[in-house]
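> So the sequences go chain by chain: A, B and C. In terms of this note's numbering, the first sequence opens at residue 7 and continues consecutively. In terms of this note's numbering, the second sequence opens at residue 9 and continues consecutively. In terms of this note's numbering, the third sequence opens at residue 27 and continues consecutively.
Quick caveat, the hints were computed from the structure, so don't treat them as lab data. All figures in this text were calculated on a predicted structure; none of them were measured in a lab. Heads up, a few of these hints could be off.
To be verified - Residues from chain A that keep clear of chain C, each with C-beta distances beyond 10 Å, as calculated:
{"hint": "1", "residue": "S58"}
{"hint": "2", "residue": "T220"}
{"hint": "3", "residue": "L251"}
{"hint": "4", "residue": "Q416"}
{"hint": "5", "residue": "Y417"}
{"hint": "6", "residue": "S455"}
{"hint": "7", "residue": "V488"}
{"hint": "8", "residue": "E633"}
{"hint": "9", "residue": "V699"}
{"hint": "10", "residue": "T703"}
{"hint": "11", "residue": "I779"}
Unchecked claim - With a straight-line Cα cutoff of 27 Å, these simulated DSS-like cross-link-like pairs (lysine-lysine) come out:
{"hint": "12", "chain 1": "C", "residue 1": "K276", "chain 2": "A", "residue 2": "K796"}
{"hint": "13", "chain 1": "B", "residue 1": "K165", "chain 2": "A", "residue 2": "K445"}
{"hint": "14", "chain 1": "A", "residue 1": "K29", "chain 2": "B", "residue 2": "K19"}
{"hint": "15", "chain 1": "A", "residue 1": "K458", "chain 2": "C", "residue 2": "K276"}
{"hint": "16", "chain 1": "B", "residue 1": "K124", "chain 2": "A", "residue 2": "K29"}
{"hint": "17", "chain 1": "A", "residue 1": "K661", "chain 2": "C", "residue 2": "K276"}
{"hint": "18", "chain 1": "A", "residue 1": "K131", "chain 2": "C", "residue 2": "K276"}
{"hint": "19", "chain 1": "A", "residue 1": "K458", "chain 2": "C", "residue 2": "K284"}
Said to hold, decoys possible - Estimated spans, in silico, between C-beta atoms of each pair:
{"hint": "20", "chain 1": "A", "residue 1": "D780", "chain 2": "B", "residue 2": "D162", "range": "40 to 46 Å"}
{"hint": "21", "chain 1": "A", "residue 1": "K187", "chain 2": "C", "residue 2": "S256", "range": "29 to 35 Å"}
{"hint": "22", "chain 1": "A", "residue 1": "T126", "chain 2": "C", "residue 2": "A43", "range": "29 to 35 Å"}
{"hint": "23", "chain 1": "A", "residue 1": "H109", "chain 2": "C", "residue 2": "G46", "range": "49 to 55 Å"}
{"hint": "24", "chain 1": "B", "residue 1": "P127", "chain 2": "A", "residue 2": "T218", "range": "56 to 62 Å"}
{"hint": "25", "chain 1": "C", "residue 1": "D217", "chain 2": "A", "residue 2": "E398", "range": "58 to 64 Å"}
{"hint": "26", "chain 1": "C", "residue 1": "V192", "chain 2": "B", "residue 2": "P127", "range": "30 to 36 Å"}
{"hint": "27", "chain 1": "C", "residue 1": "V192", "chain 2": "B", "residue 2": "D125", "range": "35 to 41 Å"}
{"hint": "28", "chain 1": "A", "residue 1": "D780", "chain 2": "C", "residue 2": "A39", "range": "54 to 60 Å"}
{"hint": "29", "chain 1": "C", "residue 1": "A68", "chain 2": "A", "residue 2": "A446", "range": "58 to 64 Å"}
Glycine included, each C-beta is placed from N, C-alpha and C at the ideal position.
Listed below are the residues making up each chain.
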Amino acid sequence: MPKDGGIGAATTRREDVRFLTGKGQYSDDIRTFGECAAVFARSNVANGTIKSINTEAAAAMPGVLAIFTGEDFVEVGGNPAGWAIVSRDGEPMKEPKRPVLAHGKVRHVGDAYAAVIAETVQQGKDAVEAIEIDIEEHDAVINMADALSGTNYVHDEIGTNQCFDWGWIEDNRAATDEAIKGAHHVTTLELVNNRLVPNAMEPRCSIGHYNTGTGDYTLHTTSQNPHLTRLLISAFVMGIPENKLTVIAPDVGGGFGSKIYHYGEEALVLAAAKKLGRTVKWTSDRSEAFLTDAHGRDHVTKIELAMDKEGNFLAFRTETMANVGAYLSNFSTATPTFLHGTLMAGNYTVPLVYVNVKTVFTNTAPVDAYRGAGRPEATYSLERVIDMAAREIGMDPTELRRKNFIKPDQYPYASAAGLEYDSGNYDALMDQMEKVSDKAGFAARRAESESKGLLRGFGVNAYIEACGIAPSNLVGILGSRVGLYDAATVRVNATGNLSVMVGAHSHGQGHETVFPQVVAEMLGIDAQSIDIVHGDTSKIPFGMGTYGSRSLAVCGSAVVRATEKIILKATKIAAHMLETEENNVEFNDGTFSVAGTNKSVSFGEVALKAYIPHEFPIEAIEPGLEETAFYDPANFTYPSGAYCCEVEIDPETGKVSVDRMTAVDDFGNVINPLVVTGQVHGGLGQGIGQALVENTTYDDDGQLLSASYMDYTMPRADDLPFYTVDHSMGNACTHNPLGVKGCGEAGAIGSPPTVVNAVIDALQSGGKNITHIDMPMTPHRVWSAMQNAK
Amino acid sequence: MTTISMTVNGKTISENVEGNTLLSSFLREDLRMTGTHIGCDTSQCGACVVHVNGEAVKSCTMFVIEADGAEIGTIEGQANNDGSLNVVQQAFQDHHGLQCGFCTPGMVMSATALLKDNPKPSEQEIREYLEGNICRCTGYHNIVKSIMAASGQDVSKIAAE
Amino acid sequence: MYSFDIERPTSVADAVAALGSEDAQALGGGQTLIPTLKQRLASPSALVSLTGISDMQGTTSEGGALRIGGATTHAAVMAGASSYPALAALAANIGDPAVRNRGTIGGSLANNDPSACYPAAALASGATIITNAREIAADDYFQGMFDTALEEGEIITGVTLPVPEVANYQKFVQPASRFALVGVFVAKYADGVRVAVTGASNEGVHRWAEAEAALSSNFSADAIADLTVSADNLIGDLHGSPEYRAHLVKVMTGRAVKAAF
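Bound-form chain A, shown alone:
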């Protein structure tokens, strides 16, 4: 093992030093000489026809440099959806144009219809107030069921509010219907997966720069995937050649999905920079973020579970309406379909699954992937209906799950929802969960809660998810318009230190610490001599970015492949230096040696030789030591887990507190347990937030009621407990070189149903016949359910 920690070491994070001393460099921290400000004029109505926009008075105001409206972008392209979904009837999905600035109509509160470029933000805001817009307001399309049945359209040109009507697996539809019809027992549950606002703590920020001398554009932006942003701007929106556009995502303050996507503001600052020949900066405030960042979840689902009389699962069938908001954001069509329907067999040997998803346009902010992206929705539906079914048939919820688990000897396992799971052991996870959570002590803890007048419940959950989003061949068949590999370049400098350029982007995940652990382990050198370079399209070969818990599984694998190439070439050089054949050279702990002799050279000496190739076999080996690899995996990775939670409920007020939360996950091999544990913690915080406090509410007019932290409840430190996190039960992924699975989203996937199941358990223990409460289970909702229950 390298001296300061290789694979498996809980190395503390090197990036922390700059963040802890105020030396992080986030986009808004960048200031450029001569920069000016972009301020957006945003619709305060949800649905309206733009009759006229008069910018004359605004243009004459102090400091105003330019004003853009939708008219200025009619000739350029639109921001596309990344996945093409085909409806059950064979029709392609409806794809209305998403323009840089609204043109003709405004379609949600916050939809930008103009942008002022001014010397200062204040002057820009003054000018925005002076823009005269005449909007003919229409009724807002908000409720999804009404949207599907009505004739008031968000996009008149497509003549429907339905984007697509998708069936998965359509060939199984009839058999699933038949199985449910003939089943001994069918449990039916209607539920809402509540709409969330991602709320990365750093608001979005974009800075456009244009060099009039070279025609080069540079965009600094808060992005999880700068290459994808460049690709979208170049190929679809503005037509800027990729070689003339550099996209840089410096330190980014969290993303959770919301910063995957390309947003109109990015295109606008580039267009303005070109027009003015000046650097143009826009920083969102939190109020704008609530209105314009892509939201998450927002499904309304009916799920049915059919069982035989022993409790064996026969079929799952779901009908879901999924909100896509006013425009299709880049991943919005993949999230409710292939990231959701394919997981609807869960951890179970159920033979039949049929998923129907209708996606719906509404006059609300776009909805797209948010931490977990489709898998939390699948897990929530499954694990709630299973819990309800267990209670209906009088079986312990854990036992019902165990009865239907896929067993360890069944891998690879072809699930009824179309995926091939590579590895897992769900019973072992459940055993470990019961152990580390002290499930045995629950009865005593319940008695103690009851003695204080509180109800206590125990909730359990088993999840599987598909992450490490890739491979290209598979996602291509499923409708992806991009490939989902990743890339890395390992550059060994002459003096033996390394720069590793990676396509993944770190905005909290700790890549700068973890990726060097991998390389250090492979090369047997000090991790501190390895630096990661990310987030700059001019410095790294390519990359699809960070989302879908893919950084290590996909990009980390590319790093491994590139490092293997380095070793291969370095071995050739070493063989030359050691005057032997390559196959006689062994490489261990940073030293190349000749078997059975005391002849050796260090990795550093080889590196130097590569760059000072005196007496070098130039005809056989090129000078230099730098290798690039693109890695496209064979399959998703399939983390799984067993979670449990204990809640206390104050029956007088309905307030729920999570007292204990345990997450036992199978992430395969773990490179840095400190970082992995942190990722799980964060997911748990967000999942508990979804279950108990977070909700996004529009009124019937399309006004966002939960539009600030005054009304959108962010989980605080005193809302959450210490968590018990265990990932000792990993089964290595069978198809990537590190044997790793993704860990970034697990906590947010596994926890919401766990919490809800615990609340239902608590309420039933108090004698209330309550079988379901929609999230978030606020005090008001829980109290109301208790009032209405027998």
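Chain A is fixed; fit chains B and C onto it per the hints.
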């Protein structure tokens, strides 16, 4: 314009400012100390917490004119004189009390203010004290743990890894 | 924010004079006003900061009452109201620590947010609101949501709260803002019990007369067991219906009585 003077991390500053300049804007824009962050506009997220005369204050909700004559402490002034991380900062690194780093300056400044008044806070006291600091990455577990560790408490019994 | 100047008077007289100019507005701790200004929902020509007026700072015990200067921060009340522990406890639970280091009691009372904590304490204590011009009984001062008896340019220089035998404030928080979804302040005096409710009503802070009568004759949670709170004219929003708030008024009142010390 009004002329104000103050010390920031021990250094005397004198500047002309507009009346409506917030302390946070002054630090970020005028002094180019961008460690103080802006995460909301309703005075709730706490990414902007600094010390004014030793007390935690949301710098986005105070006019700089009102800090005339005050001693201001920011994240940039927290490290030891030799540049190494101070006890609170070091505890955050040791216990992975940060991920994206955006809320971190406010967390450190709040934690420091807490420990000044309450050198051995309980878990519950820490959680309550952090009511005005929102983190979206960590689920707070390691933040609370870091602060307990910074106060010299044994955190080895706190769950996992 | 629009542009404006900030005046920093050091005496009440200078502050009153400064507030005489058109569209000038008083600035306390700014914890509500500054976010409002950021949203461009107010456009004062000048802000008159009251926090530099030493006469408006601090807490003093006067006979059986506690006098608090209008510019005293919540943190200072926490530390200085030892003679009125229920009030100190209330102050310790307003907002968060950083907000408590800036926000002032005068600012809170002048704003009279329907979900704020101090109005409940002032009303339940039968406090006297002292301004640069006069003294106003709490019963006359609070006139509905964001509405008070203050005249244009009038400054709250202090508030005097008679210290009760026992008292307690129970706050059930609105989970996002951490203001009171419902807050109830119960104060027992020799001549009777006063109960003030915040967070619940479209009319702002108000007294609950039936509970006061019942608790005055029998200061125990049982005394209010048979009372019901009407949901009429209570607030209904994202966080709770009028019926839920009505229920919480009773629950919080009972808990305040039990916890009173």
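> So, for every hint listed, does it hold in this structure?
Hint-by-hint comparison with the structure:
The non-interface label for A:S58 is consistent with chain C: the shortest C-beta to C-beta separation is roughly 24 Å, beyond 10 Å. Non-interface call for A:T220 relative to chain C: holds, since the shortest CB-CB distance, roughly 39 Å, exceeds 10 Å. Here A:L251 stays apart from chain C, with its beta-carbon at least about 34 Å from theirs, past the 10 Å limit. For A:Q416, the shortest C-beta to C-beta distance to chain C comes to about 44 Å, beyond the 10 Å cut-off, and the non-interface label holds.
The Cβ of A:Y417 sits about 43 Å from the closest Cβ of chain C, beyond the 10 Å cut-off, so the non-interface label holds. Distance to chain C confirms A:S455 as a non-interface residue, since its nearest Cβ pair spans about 18 Å, more than 10 Å. With a least CB separation of 37 Å from chain C, A:V488 remains clear of the 10 Å interface cut-off, as annotated. No Cβ of chain C comes within 10 Å of the Cβ of A:E633; the nearest lies about 51 Å off, and the non-interface call holds.
For A:V699, the requirement that its beta carbon stay farther than 10 Å from each beta carbon of chain C is not met, with the minimum near 5 Å. At roughly 6 Å, the least C-beta separation between A:T703 and chain C is not larger than 10 Å, which violates its mark as non-interface. For A:I779, the non-interface assignment is confirmed: its Cβ lies about 14 Å from the closest Cβ of chain C, beyond the 10 Å cut-off. For the proposed pair C:K276 and A:K796, the alpha carbon gap of about 22 Å is at most 27 Å, so the pair holds.
For the suggested pair B:K165 and A:K445, the alpha carbons sit about 19 Å apart, so the restraint of at most 27 Å is met. Distance hint between A:K29 and B:K19 is fulfilled; the C-alpha atoms sit about 18 Å from each other, no more than 27 Å. Restraint check: the Cα-Cα separation between A:K458 and C:K276 comes to about 20 Å, which is no more than 27 Å; the hinted pair holds. Using a Cα cut-off of 27 Å, the hinted pair B:K124 and A:K29 holds, with the two alpha carbons roughly 24 Å apart.
Proposed proximity of A:K661 and C:K276 is supported: the alpha carbons are some 16 Å apart, at most 27 Å. Annotation: proposed proximity of A:K131 to C:K276 is violated, straight-line Cα distance about 47 Å (limit 27 Å). As the CA atoms of A:K458 and C:K284 are separated by approximately 15 Å, the hinted pair is consistent with the 27 Å bound. Separation of A:D780 from B:D162 is about 42 Å and conforms to the stated range, judged on CB atoms against 40 to 46 Å.
Evaluation of the 29 to 35 Å hint for A:K187 and C:S256 yields a failure: the beta carbon distance comes to about 51 Å. Look at A:T126 against C:A43: about 33 Å separates their beta carbons, and that is inside 29 to 35 Å. Roughly 50 Å separates the CB atoms of A:H109 and C:G46, a value that falls within the hinted 49 to 55 Å. In this structure the supplied range 56 to 62 Å holds for B:P127 paired with A:T218, their Cβ-Cβ distance being about 59 Å.
At about 59 Å, the CB distance of C:D217 to A:E398 agrees with the hint of 58 to 64 Å. Separated by about 32 Å at the C-beta atoms, C:V192 and B:P127 satisfy the suggested range of 30 to 36 Å. For the pair C:V192 and B:D125, the supplied restraint of 35 to 41 Å is violated, since their beta-carbon distance comes to about 28 Å. At about 58 Å, the beta-carbon gap between A:D780 and C:A39 stays in the expected band of 54 to 60 Å.
For C:A68 paired with A:A446, a C-beta distance near 59 Å keeps the hint of 58 to 64 Å intact.
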